[in-house]
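*Asks:* This is what each chain is made of:
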Amino acid sequence: MSIRDIVILDYGSGNVRSAQRALERVGATVTVTSDFESAVNADALVVPGVGAFAACMRGILEVQGDQIIDRRITGGRPVLGICVGMQVLFAKGDEHGTEVAGLGQWPGVVEQLDAPILPHMGWDTVRAPADSKIFDGIADERFYFVHSYGMTKWQLNEKTFNRASPVVTWCTHGTDFVAAVEDGPLVATQFHPEKSGDAGLTLLQSWVRSLY
Amino acid sequence: MSLAIRVIPCLDVDDGRVVKGVNFTGLRDAGDPVELAARYDADGADELVFLDISASSGDRKTMLDVVRRTADCIFIPLTVGGGVRSPDDFNLLLRAGADKVSLNTAAIADPNLLSQAAERFGNQCVVLSIDARRCPPGVSTASGFEVTTHGGRRSTGIDAIAWAIEGAKRGAGEILLNSMDADGTKTGFDLQLIEGVRSVVQVPLIASGGAGALTDFAPAVNSGADAVLAASVFHFGDFTVAEVKQALNEAGIPVRLMSH
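Chain order of the listed sequences is A and B. Position one of the first sequence corresponds to residue 1 (my numbering), numbered consecutively onward. Position one of the second sequence corresponds to residue 1 (my numbering), numbered consecutively onward.
In case anyone wonders, no lab produced these hints; they're calculated from the structure. For glycine and all other residues, C-beta sits at the position ideal for the given N, C-alpha and C. Hints may contain errors.
For each label pair, taking beta carbons as the anchor points, the in silico distance ranges come out as [said to hold, decoys possible]:
hint	chain 1	residue 1	chain 2	residue 2	range
1	A	THR74	B	ASP238	54 to 60 Å
2	B	ASP238	A	ALA101	52 to 58 Å
3	B	GLY252	A	GLY97	35 to 41 Å
4	A	GLY174	B	GLY138	39 to 45 Å
5	B	ASN249	A	ASP136	38 to 44 Å
Whole structure, please, built from the sequences with the hints as guidance.
*Replies:* Below is the structure:
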């Protein structure tokens, strides 16, 4: 098996060093770049994201991340979105009553969670379906979340294109929200696997192995 | 199941070295923050706090290297505070690998710093650290608690609970609440202070100051803390992070238990 080349899309989002080191720890070769061709052609692309939906979308559009992700997904090439990097994959984000267009890979609006304490910050349990690949062996572990917004209504239940039905993992903080999605080449987690200790490393390792 | 209560060790770092005694056996270098961080991670720490107490700006550059080396090998959240004065300081720490940055004195001097940092980096990485105490004679606030600076030596006359409300409103995504009365006493957390802040603030609350026994932690959580922080009791080996979690677990409080 050759080592997989992974690009972390660099569009000015917070701490990407941890994601880089965590992926390297599980055997990948990682480049942090906004270079279009590298991002399109890498064995896999990671889209990080912290902070506000609108700010992340601006950063992603500035580096043509929308086209990069479209090209990759159309060609069946793996993409992993993390935290706000997952949220922007939906059609829209709603922040303080203002709707911002997302990348539209999945339908739905990302909204503020209805919970007494926000952000949802810390280690939480998830409910992963039995056919989840990324949670294989770690479905009972806790993962590190830090976010105030989320997808509470998953709308894509039917099989689309030539893909299998999406595998959706849930978490609850005040309300139920999507913790992770495995949809063919497009995988995303609301939590930070690179900050989730051994469980997170195991998840990343499963994802990297799925690239072979 | 629900969100786990976090147990957080705090390390004071001066010019890249851990200060205050550390009494661990089997460490190659008890003064190396990275080695200690790895030890706490292995012991089940849910998060780590580095407090930079360096006096000079040159020494604070050393902190960036410490943060980088920690983020390279420890895959749990890392908060860094001490000497942070501008959004650019924030940026340097986040890019080095910090997940959250805490503000204390600089936010008192210029509360706009909280909103500037939150706008630029998101409120999830802005921690407001408050050193609070019961008002001494001659100082009076509505809540009876005031904010101090200089490690509790200087009075500000600012109401600590009102400051927590304002800090969260301005963009702090978390409050690190240090009781200067309880700090160092090992007689337990200041539950009244925790309750006072919890009842008015809707962001996560880390309780700090006063931990001396395993039985001290559950009352802090029952008073409204989302996380508990301690320093010397861990460094001196009074008990371990794992033992604190076990005690919380036995008190019916959800914690992240290590599977290995």
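*Asks:* Each of the hints needs a verdict: does it hold here or not?
*Replies:* Against the structure, the hints:
no.: 1; hint: THR74/A / ASP238/B: 54 to 60 Å; verdict: holds (58 Å)
no.: 2; hint: ASP238/B / ALA101/A: 52 to 58 Å; verdict: holds (54 Å)
no.: 3; hint: GLY252/B / GLY97/A: 35 to 41 Å; verdict: holds (39 Å)
no.: 4; hint: GLY174/A / GLY138/B: 39 to 45 Å; verdict: holds (43 Å)
no.: 5; hint: ASN249/B / ASP136/A: 38 to 44 Å; verdict: violated (26 Å)
When held up to the earlier numbered hints, the structure conflicts with hint 5 and nothing else.
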